[in-house]
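Going line by line, the protein sequences match chains A and B.
Mapping to this note's numbering: the first sequence position 132 is 132, numbers consecutive.
Mapping to this note's numbering: the second sequence position 406 is 406, numbers consecutive.
To be clear, the hints were calculated from the coordinates, so they are not data collected in a lab.
These numbers were taken from a predicted model, which means no experiment stands behind them.
Just so you know, even glycine gets a beta-carbon here, dropped at the ideal spot from N, CA and C.
A few of these clues could be false.
[Unchecked claim] DEER-style ranges, computed between Cβ atoms:
| # | chain 1 | residue 1 | chain 2 | residue 2 | range |
| --- | --- | --- | --- | --- | --- |
| 1 | B | Glu19 | A | Thr57 | 54 to 64 Å |
| 2 | B | Ser363 | A | Phe45 | 25 to 35 Å |
| 3 | A | Val302 | B | Thr185 | 48 to 58 Å |
| 4 | B | Gly127 | A | Val131 | 51 to 61 Å |
| 5 | B | Thr185 | A | Ala250 | 58 to 68 Å |
| 6 | A | Glu162 | B | Asp167 | 38 to 48 Å |
[Unchecked claim] Straight-line C-alpha distance at most 27 Å; calculated DSSO-like pairs for lysine-lysine:
| # | chain 1 | residue 1 | chain 2 | residue 2 |
| --- | --- | --- | --- | --- |
| 7 | B | Lys304 | A | Lys310 |
| 8 | B | Lys146 | A | Lys126 |
| 9 | B | Lys20 | B | Lys97 |
Chain by chain, the residues:
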Amino acid sequence: MAYETLNLTKTARPKWLDRVVVALLAAAASVAILVTLGIVLSLIFETLQFFKKIPLTDFLFGLDWSPQTAIREGQIGAKGSFGVIPLINGTLLVSAIAMLVAAPLGLASAIYLSEYAGKGARGWIKPALEVLAGIPTVVYGFFAALTVAPFIRMTGGQFGLEIASESALAAGIVMGIMIVPLVSSLSDDAINAVPQTLRDASLGLGATRSETTRRIVLPAALPGISGALLLATSRAIGETMIVLMAAGMAAKLTLNPLDAVTTITVQIVTLLTGDQAFDSAKTLSTFALGLLLFILTLCLNVVALKIVKKYREHYD
Amino acid sequence: MIDFSKSAGFNLIRRHRAEKRFQWAGRSAIFISLTFLVVMVGSILMDAAGTLRQTQIAVTVDLGPDAVDPDNIAGARFGKILKSALRAQFPDAKKRKEKKKLYNLVSPEGSFEIKRQLIANPDLLGGPQTLWLTASDDLDLFYRGKSDASLPESQRRISDLEVAWIDTLAQSGSLRRVLNWNFLTNGDSREPEIAGILSALVGSLFSLAVCFALSFPIGIGAAIYLEEFAKPSRMSDLIEVNINNLAAVPSIIFGLLGLSIFLGYMGMPRSSPLVGGMVLALMTLPTIIISARAALRSVPPSFKQAALALGASPVQAVFHHVLPAAMPGMLTGAIIGMAQALGETAPLLMIGMVAFVVDVPDSILAPATALPVQIFLWADSPERAFTEKTAAAIIVLLIFLIAMNLIAILLRRKLEQRF
Chain A
1 MAYETLNLTK TARPKWLDRV VVALLAAAAS VAILVTLGIV LSLIFETLQF FKKIPLTDFL
61 FGLDWSPQTA IREGQIGAKG SFGVIPLING TLLVSAIAML VAAPLGLASA IYLSEYAGKG
121 ARGWIKPALE VLAGIPTVVY GFFAALTVAP FIRMTGGQFG LEIASESALA AGIVMGIMIV
181 PLVSSLSDDA INAVPQTLRD ASLGLGATRS ETTRRIVLPA ALPGISGALL LATSRAIGET
241 MIVLMAAGMA AKLTLNPLDA VTTITVQIVT LLTGDQAFDS AKTLSTFALG LLLFILTLCL
301 NVVALKIVKK YREHYD
Chain B
1 MIDFSKSAGF NLIRRHRAEK RFQWAGRSAI FISLTFLVVM VGSILMDAAG TLRQTQIAVT
61 VDLGPDAVDP DNIAGARFGK ILKSALRAQF PDAKKRKEKK KLYNLVSPEG SFEIKRQLIA
121 NPDLLGGPQT LWLTASDDLD LFYRGKSDAS LPESQRRISD LEVAWIDTLA QSGSLRRVLN
181 WNFLTNGDSR EPEIAGILSA LVGSLFSLAV CFALSFPIGI GAAIYLEEFA KPSRMSDLIE
241 VNINNLAAVP SIIFGLLGLS IFLGYMGMPR SSPLVGGMVL ALMTLPTIII SARAALRSVP
301 PSFKQAALAL GASPVQAVFH HVLPAAMPGM LTGAIIGMAQ ALGETAPLLM IGMVAFVVDV
361 PDSILAPATA LPVQIFLWAD SPERAFTEKT AAAIIVLLIF LIAMNLIAIL LRRKLEQRF
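Pulled out of the complex, with its shape left as it was, chain A reads as follows:
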């Protein structure tokens, strides 16, 4: 009989090969977890080393940040001071300015694109805004330091204001523009997810488009929009190059946007560029700053993603 000569088990690929392939794929997928683990473990390990040298309370509640004084051992004041409050102050100041620029611009663009713009206009405005997101941050930093900061200084000078050549305002404004596409595309998604029936009902009752948008669409899209704003804030807090190039190095407690400030990210980079001993408090402090930054942004991201997700389920 013919089927007796047909030996299927021999011609088919061995089963174990399939299993190996699937195992390899699973290994690739678990790299994502390994990276997160690596980040968390390395940050925590080095941070613990740091807190052996500097007490946790000095770090969290200290009002003075001057790690650069720790140059050599045995020198007077060689410990430096590692109070993180001025850095948090600077980070929040720059991020707040950025959000004051990005939130209205991004939201207004998103509303115009989703509620008013025709298909043609939307077709070119949206990619044009996306270009802003594709430009490397070092380019924004260059523009902020060489064009925007001197411009602000000059304008301020005409009103008799003394403005530092590096200011939180310059860095914040430029960063805000950089974040506009992030805010606008996420808000756009949230606004588009609002069912058309809500709009039709409102328009049918005689409301104008802007009234419909303000009173019906925006409240319905609010969770999505607030998620977008949170993600944008997290992006602003973690941004490095613009502040590094345009906001200055001075760690001080100030709410004046015309002052030079420094941020967590700037301090991490400046303390780590150049050669220094790996176990000095100065170097280790960057990991404590990194951990702080990681926790801050992670909280914002988790909350934002949750809000966005919950909201989506609501209408689907």
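Following the hints, complete the assembly by docking chain B onto the known chain A.
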């Protein structure tokens, strides 16, 4: 009696005005953002234009047998030859300070340029020859009218004496402007007139190659596993949440990871494109996984079902039928991820890719820098001439980014099948 028509009419005008204002606000928001983009790119382009060409200066140098030994060209003292040639051209420079200014008209690279020209063309030997050498950045800026001659002498970078020399040179036709190939073929330098981006560009390409070799296979493997094989479980949920969160972690955190694990723990070479590429790979991994999953999802399930029905194993069905159909989408996502990696600066600063690199790196282990880091370094330099270089380097970076994005768009258009 209530007059509805009147109040309604009044209200309607007000409401329509509010409508107009609302629309106007949206339009102006878009206008402001796009104007910012145009002004930024425009001002950088204008700054960069100065780098397109550079000034050369004609110097008549003595290449007779006394100065250069024909059998040992490289051994000659070209610095001395150049200096005496300049003194002969402008005998009015007597004092030490004046002589120093005179020598500064030519780039410090000038003597090496004589040497290179001679080695390339030994026929020049034997007597006085007029050679074109790269002028210094101060001369270049002044000649192009970028430094203001009307300022008092003490506030200028260039003195009255030098101005007079430059005018003499210009009138005698000893100055010319040529295309600035140095910018594309040289490494970094302390002298703006000879600083170029080649070493940074090669460093970037090496890093990107490492980044792609790591993140593309891992990213696609992870995407295939999550889309095609993973059963809904705690583990796959965890991976999912992880990937979404990793995509939003600040890039600087990846730099810290690279510093402590790749450099500190594993002892890999500092400043090398290998470590840079590895850090960038970790950063681009979420982007690649997310886009690869979207590409896999866009392949209709009937592809897989047909293959399974014909007797293919699940692995065969995915690799022979689903994967090829999803490839264009995956490649598009990978190119966009690479474009992001190319523009990334902060994590590279932390693993030491800020080195002053003159030589073009020859391997992924050699000290290197990357194009965005070079931009950062130059932007920090006080010299006016470096500002132009920075702007030009930015334009080169943007050209690369535009090219990569165009390739991604074309790839998507050309290869995308409609299922």
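Quick rundown of the hints versus the structure:
1. The hinted window of 54 to 64 Å between glutamate 19/B and threonine 57/A holds, with their beta carbons roughly 56 Å apart.
2. In this structure the hint that serine 363/B and phenylalanine 45/A lie 25 to 35 Å apart at CB holds, the actual value being about 31 Å.
3. About 49 Å separates the C-beta atoms of valine 302/A and threonine 185/B, a value consistent with the hinted range of 48 to 58 Å.
4. The hinted window of 51 to 61 Å between glycine 127/B and valine 131/A holds, with their beta carbons roughly 58 Å apart.
5. At roughly 40 Å, the beta-carbon separation of threonine 185/B and alanine 250/A lies outside the given 58 to 68 Å, and the hint is violated.
6. Here the CB-CB span from glutamate 162/A to aspartate 167/B is close to 41 Å, well matched to the stated 38 to 48 Å.
7. This hinted pair does not check out: lysine 304/B and lysine 310/A have alpha carbons roughly 32 Å apart, beyond 27 Å.
8. Distance check on the hinted pair: lysine 146/B and lysine 126/A sit about 39 Å apart at the alpha-carbon level, beyond 27 Å; violated.
9. The hinted pair formed by lysine 20/B and lysine 97/B fails the criterion: a straight-line CA distance of about 69 Å is larger than 27 Å.
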